[in-house]
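A.B. asks: Listed below are the residues making up each chain.
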Amino acid sequence: MNEIMRTILWLPEQASTFAKAVDELHYFVITVTMLSSVAVGLLAFGFFFKYRQLRPRQSTPIVIPSVKFELAVVVVPLAFFLAWFVQGYRDYVWYTTPPKDTMDVYVMGKKWMWKFAYPDGPNAVGTLHVPAHRPVRLLLTSRDVIHSFFVPDFRIKMDVLPGRYTETWFEATKPGRYQILCAEYCGTWHSQMWGEVVVMPPAEFDSWMLQQRAGAGLTDRVDTATDDGPSFHGTLVEYGKRVAMAQGCLKCHSLDGDPHIGPTWLDLYRRTETLETGETVLADEAYLTDSMIDPRAKIVKGFKPVMPTYRGKLAAPDAAALVEFIKSLRSQNLDNLPSKEAIYEPARR
Amino acid sequence: MSQHADSSALAPAEARVYQEINYLNADRGVMSWLKTLDHKRIGIMYFASVLATFLLGGIFAMIVRFELTTPEPTLISANTYNRMFTLHGMVMVFLFMIPAIPGVFGNFVLPLMLGAKDVAFPRLNLLSLYVYWTGAALVLWGVINGGADTGWTFYVPYSTTTPMTLFPVLFGVFIIGFSSILTGLNFIVTVHTLRAPGITWMKMPLFVWAIYATSIIQVLATPVIGLTTLLVGIEKVGGFGLFDPGRGGDPVLMQHLFWFYSHPAVYIMVLPAMGVMSEIIAAYARKNIFGYKMIAYSSLGIAFVGFFAWGHHMFVSGQSAFDDGAFAVISMLVGVFTAIKVFNWVGTLYRGAIYVSGPFIYACGFLFFIVFGGMTGIAVATVSLDVHWHDTYFVVAHFHFIMVGAVIMAFLAAIHYWFPKMFGRMYHEGWSMVAATFIVLGFNATFIPQFLLGNAGMPRRYYMYPERFTALNVASTAGSTLLAFGFIIILIYLIWALKHGEIAGPNPWNSKGYEWRTSSPPIKENFEHTLDYPEEPHMYQEPGEEVEHVVI
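Those protein sequences? They're chains A and B, same order as listed.
Take the first sequence: its letter number 17 is residue 17 in my numbering, and every next letter is one higher.
Take the second sequence: its letter number 88 is residue 437 in my numbering, and every next letter is one higher.
By construction, these hints were calculated from the structure, which means they are not laboratory data.
Any given hint might turn out to be false.
What the hints assert, rightly or not - Listed below are the simulated SDA-like cross-link pairs for lysine to any residue, each with C-alpha atoms no more than 25 Å apart in a straight line: (1) 115(A) <-> 594(B); (2) 115(A) <-> 601(B); (3) 68(A) <-> 898(B); (4) 50(A) <-> 859(B); (5) 642(B) <-> 542(B); (6) 115(A) <-> 50(A); (7) 111(A) <-> 596(B); (8) 313(A) <-> 510(B); (9) 111(A) <-> 432(B); (10) 115(A) <-> 511(B); (11) 111(A) <-> 516(B); (12) 111(A) <-> 501(B); (13) 313(A) <-> 594(B); (14) 68(A) <-> 646(B); (15) 111(A) <-> 859(B); (16) 313(A) <-> 589(B).
Claimed, not checked - Just so you have them, the derived chain A footprint on chain B, three or more residues with Cβ under 8 Å: (17) 422-432; (18) 629-640; (19) 666-675; (20) 704-711.
As the list claims (entries may be wrong) - Now the in silico label distances, taken between C-beta atoms and shown as ranges: (21) 55(A) <-> 369(B): 25 to 35 Å; (22) 881(B) <-> 76(A): 34 to 44 Å; (23) 816(B) <-> 4(A): 22 to 32 Å; (24) 38(A) <-> 369(B): 18 to 28 Å; (25) 893(B) <-> 67(A): 46 to 56 Å; (26) 841(B) <-> 76(A): 43 to 53 Å; (27) 144(A) <-> 849(B): 51 to 61 Å; (28) 43(A) <-> 830(B): 27 to 37 Å; (29) 547(B) <-> 56(A): 23 to 33 Å; (30) 424(B) <-> 296(A): 47 to 57 Å; (31) 381(B) <-> 43(A): 44 to 54 Å.
This structure is a prediction, so every number in the text was calculated from the model and none was measured.
Even for Gly, the Cβ is constructed at its ideal location relative to N, Cα and C.
Excised from the complex, chain B in its bound form (with noise of 0.2 Å):
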């Protein structure tokens, strides 16, 4: 049954093709790749960039956590630490995580997935690249020229008191929101216009679910963040009074308005990471997808209910006691949404036939991660308890659950599983698990103590600190460096695999995502003829075997 269409002008997916001529040099020369319109190409320059600005926000937060072995002033100055913080916020936010796997692998592999040639607009696919490139330079040029020391959440009337000149950072933080914006309406329009015949909605891969729905709020939130930014950065150059109580302005206004976008733009972060974890999950342990729908749907709930939670950031801001309960009430129907999603990913792992390899290492790993840093968030919501918490180190170790947690873990994950199809060759799947292992106990190890140092009661964005937190914060730097020492693993075997590795084959996890049905690595065109899609994704049922139903 699997091979009754899909490979007709293809090798058997047993076979460990190459194929010879692909889009990655179907066309030669540094101008190819800058004129390209191909989505696979613009993917991989994605792929390159988040990386580069991943490695920088890395070194930052590694400068951060060696300044904080010690209570006393360690490595550098208190000016330098905050610009420190500041960088990683940023460039983990606005360069890496937001465009990460959408960037990337939403490029990639969404048309893959819906057996499309490409995205519906290229062009606008590469606009969105060079925007965001002018974007990111700008941030990087403007950090590096005045420097920003206000943390990520540019919080009047610091950020417009301070001596710093913020604009350029500020205006290249509004400049990649459009980068944002289309990209996320590329894909709506891709998704609605572009499915394959035979590829109903219902039939879609979840991941291309988790991207529409992330899609949706790039394109309804981000304009909120422009606005913000921009009234940040014309306040503080002309100095209009916008956000300065002397005269008629309200700072906490800035802070709705931020939240508005950045409580969303957690989603856009975590969404295509469950996505990613949807497919992982159901390829490692050769399953049908168990509640494909509730899977489905609770990515859409998740984009709509994330609208309306941003006030539980500001529980001590001096908002009504009635707002912080509706703010409650709603931020935790995003953790039903979240549970749904888990029970169903579990029992996708019920009477399947796991492989073990580096992604389901990072799938266990997410799942964890997931479920506790989505309950210590229904914690934070709890109104009584996040007065203590709030603007302590459990709110960092929470966010970092997620971010890091849930979102890096499906991002290497994802990295894993589509590397042979994206380069054509394997990776050592043998450091791959020790890699992958390596991370998920130097993740536990970093950020476990800072729940503490918040329960302790230590602040976040403190240079120095009371003596009492010194111990939970060397164990937390001491976690950090087993997981840099994972990532520097993860660098060399997979630079080594991209001459050397084995030659893959087209399908080398017998997937039955739709984006293995083509060579590897794709040739430009992405197929060679259209193909039929008889069954749903991640059907594990061989021709000849009888099929057994089962409803639990």
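If we strip away everything but chain A, and leave its shape as in the complex, we get (with noise of 0.2 Å):
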């Protein structure tokens, strides 16, 4: 049955586990549009037949609606709506909200490409490796204008605006290569914007990623945002500290716990910090992101709205990288607390 609606209504491959719920659903509501349009017109064409004009100026009776089938016309269609919005709704919640296990990959379109960057490893252009039976969560920004990452297969859809991040996830089910599409108009290339996630299977997954921090891969650079900037060898989070050092974020934020004039980077990730206004905020990577760009917006009880902007200072996979690298910096981990001497940093250009 799955199948043959599936065929005629031209849906594509069901490859995600929230694919085959969505399309549940759209059997369900399309079949009832189609039978109810198609039965208003014919009874429409009927009435037509019955009730067709034997004479011109002819009388007809005066015919009103009783209350019941006011009501009637209210409730019925009401019903059905609302059905569909409680289950498509329980649908899109689970789909907005991604499990706490989730791989996550960093994804950044640009006029007219995909750029992903996985926190622990390499980076590609175009192509997004993941493992099936695994959540994979996509934290995605924008370098230029806004943009939509779309997956038809895993019925996913996300825009990918600037200036922030937006997130989305999925889990795919079938080993294989889909196709994603740009769904944002954004210029002449929009139609072109394509990428493709190959889905592995996951003890291949895991000796691919090996591979590729080994170096062993054709795309094992991180890409350091400015297409003419250095380039870089390692991980996201090992980019994310240099990216620290060199903006001077850790001359107020320390790295082993103790309050400076910022607070500690170890173990922020999803902390709950309580703002000077009183309320709380969960630390997770939409705040660190914004805290970046907008930092006086919510500050930390105790602290001093000191920090300056860095808006238009961090590029976006800049400020990925640096929320990976606060990411990493866990207490049960602190033997990968980066050394404390000085590392020599480059002047970039």
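Both chains come to you apart, so use the hints to assemble them.
C.D. replies: Laid out in structure tokens, this is it:
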């Protein structure tokens, strides 16, 4: 049944856990839509045969609806609509709430290509490798105009905005290659802003990732955002550390848990911070990037609003790398802390 | 009963008499048209203008369709294509669809339906036409001279960073907004103050109710699109950073502003169409309106609820999931109001005496399209389904079902219904049915494949596309030629009928709509003297016959 409906409706393959849920509701909604519109059209047509005009100036009876009839035309459609809403919204909330143990990938859209960066390894242009049967979370941002990340086979889509991270997630169910399309109009080659998700069996993916980290892959450079900037070999976390030092973040933020001019970065990720206003905020990716761009919007209690804005100073991948660096700072992996001695950072350009 | 008051100075309805001295020839010369304050002449000038813009928008649409017959570049370059679909959208929405039914038929028949000599502010009415022409000229000058490649939605930061000079186009849209506001204001005051004695609110023709509801939206919502285009314009020219995230601005804010107008704008387009259908279904079925109050109030309901549904255009923009849910539920209420109307229209046909002509075929098509288009609207408001459909051809097909399937069907039906009143002559009814059949079938053939394209995942505004979408694109283009062919037939027989058509007489359809109670074409002052309005419009009980009352 599923396959018949999918073929009739020209739907693409169902290659994610979300796709199947969406399609089932789709069949229900579209079937009712088709039946009722055809029924109304046929009823009008049938009335024309039954009640066609026999002579000009023919009299007709005065027909008025009863309260019962009018109630029915309100209640019946509303019942269907709300039932669809309830099911659809449940699926949607599930779709907008990524599970805790996701594998994260940073996605950057720019005219007219997709770039992907893995926190602990390689990056790539155009091709996103992911394991099957593992939830993957995408953190998306744009370098120029608004794009929209669309994988028809997964039934997912998320706008990609400049100056802000949005997120989406999926769990691929079948190894294979699936097309990525840009769905938000972005100029001349909008229609060619394609990419590919390569879904691999989990074991194969793990060995691929090891290979990539070992530098055997073709695309092991971390892209440093400015196309003419220096290239960097290593993981996004290491790159983030360099950005933190280059930008002077560590003058105010400690990495060992001691509060300094700003809050410490150790265990900051997903910590609940109390703000000056008394509200609390969860230090997730969105909060961390917001705080780089607009630091005075949400000041943590006990600290002074002294941090300058990094708007325009941090390219999107730099911000992503910083977030990844902060995420790596957990007290249980204290040995991974960066060494305290100065690291020579060559001047850019 | 029908004869007792309405036609004392006019020929009886059966007599097919052409009113020799009428509004068309009472004054002569180009200046008499350009300086006229007569609502009927202003309506005719709107008619000529929107037909020109419809032709223009249609040509752009056909270029887009032919470009899409192959997955590779076919006729034009990518940049030209982007300008073509932008032009198609802008011309069709701002220059054609918004002024079409209110500007032409609102102006022409609304005062006739109220037994009034004109609208409340005739000078303002003429001004609204000039403002429309100014805005339209500026938009067209802008697109020829610099071009716009942003889509009709002007999303930032694309629109503020494109190298094209967008300002004249934005300013043109801003100016057209004023025309829309003036027209709306005029109709609101007219309905409140110029109803002839005897026409109470609950006796107003439903077309008047629909135009009234539309006018409220025009007055309340249009300032917001003015604001939006102006902000985008000064952002583009001055670079103030209003929507630039690099300087603390927010691109999504612009989307909120844009849709706060542009979603109600859908109802500016579709409510008048619904009003036309209420008139036509009653007139051709010779039946009293079934559920008059429900239809009237549901127009106001749509106008009200329509203001709070805009966020359903932004389900994947990063808006919060709570907002998404709230906007989804509100959007569904629009569907309920529409359903009320649909059931009442079908109820009006029940036990009628249906006369089949072109307009009735459009009405049947309209009923199918409004249900299918409306319910696919509910489908895209179901948030989880929208994630896949958003910004694909499914959405394109959905809103074309409403805007072409419902609005153009109603516009064509209105032309065919009121043409004898406007010009005093009949067109060939056989040809009108042939053309209507072409159009209804051609429309389905054009847009049903686009629903499937959306299901298959083809995003909108695509110049090239993956090869798997080819078959459906070719089918859609083939359908669009059928549609275009239908329009050409109509154009030919209507132009022919202007001069050579049979004399129609005051009321060729034997309609009991109020607007038919004057000569065709009407005299300059509309009525020889004030008429009585003893009963509601569209009561088809002939004197001497027993009146049967039925409640279902």
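A.B. asks: Compare the structure with each hint and give your call.
C.D. replies: Structure-based check of each hint:
{"no.": "1", "hint": "115(A) <-> 594(B)", "result": "holds, 20 Å"}
{"no.": "2", "hint": "115(A) <-> 601(B)", "result": "holds, 23 Å"}
{"no.": "3", "hint": "68(A) <-> 898(B)", "result": "holds, 17 Å"}
{"no.": "4", "hint": "50(A) <-> 859(B)", "result": "holds, 21 Å"}
{"no.": "5", "hint": "642(B) <-> 542(B)", "result": "holds, 21 Å"}
{"no.": "6", "hint": "115(A) <-> 50(A)", "result": "violated, 64 Å"}
{"no.": "7", "hint": "111(A) <-> 596(B)", "result": "holds, 21 Å"}
{"no.": "8", "hint": "313(A) <-> 510(B)", "result": "holds, 20 Å"}
{"no.": "9", "hint": "111(A) <-> 432(B)", "result": "holds, 18 Å"}
{"no.": "10", "hint": "115(A) <-> 511(B)", "result": "holds, 22 Å"}
{"no.": "11", "hint": "111(A) <-> 516(B)", "result": "holds, 23 Å"}
{"no.": "12", "hint": "111(A) <-> 501(B)", "result": "holds, 20 Å"}
{"no.": "13", "hint": "313(A) <-> 594(B)", "result": "holds, 13 Å"}
{"no.": "14", "hint": "68(A) <-> 646(B)", "result": "holds, 18 Å"}
{"no.": "15", "hint": "111(A) <-> 859(B)", "result": "violated, 61 Å"}
{"no.": "16", "hint": "313(A) <-> 589(B)", "result": "holds, 19 Å"}
{"no.": "17", "hint": "422-432", "result": "holds (count 3)"}
{"no.": "18", "hint": "629-640", "result": "holds (count 6)"}
{"no.": "19", "hint": "666-675", "result": "holds (count 5)"}
{"no.": "20", "hint": "704-711", "result": "holds (count 3)"}
{"no.": "21", "hint": "55(A) <-> 369(B): 25 to 35 Å", "result": "holds, 31 Å"}
{"no.": "22", "hint": "881(B) <-> 76(A): 34 to 44 Å", "result": "holds, 41 Å"}
{"no.": "23", "hint": "816(B) <-> 4(A): 22 to 32 Å", "result": "holds, 24 Å"}
{"no.": "24", "hint": "38(A) <-> 369(B): 18 to 28 Å", "result": "violated, 49 Å"}
{"no.": "25", "hint": "893(B) <-> 67(A): 46 to 56 Å", "result": "violated, 33 Å"}
{"no.": "26", "hint": "841(B) <-> 76(A): 43 to 53 Å", "result": "holds, 44 Å"}
{"no.": "27", "hint": "144(A) <-> 849(B): 51 to 61 Å", "result": "holds, 59 Å"}
{"no.": "28", "hint": "43(A) <-> 830(B): 27 to 37 Å", "result": "holds, 31 Å"}
{"no.": "29", "hint": "547(B) <-> 56(A): 23 to 33 Å", "result": "holds, 27 Å"}
{"no.": "30", "hint": "424(B) <-> 296(A): 47 to 57 Å", "result": "holds, 53 Å"}
{"no.": "31", "hint": "381(B) <-> 43(A): 44 to 54 Å", "result": "holds, 49 Å"}
In the structure shown, a violation is registered for the earlier hints numbered 6, 15, 24 and 25, in ascending order.
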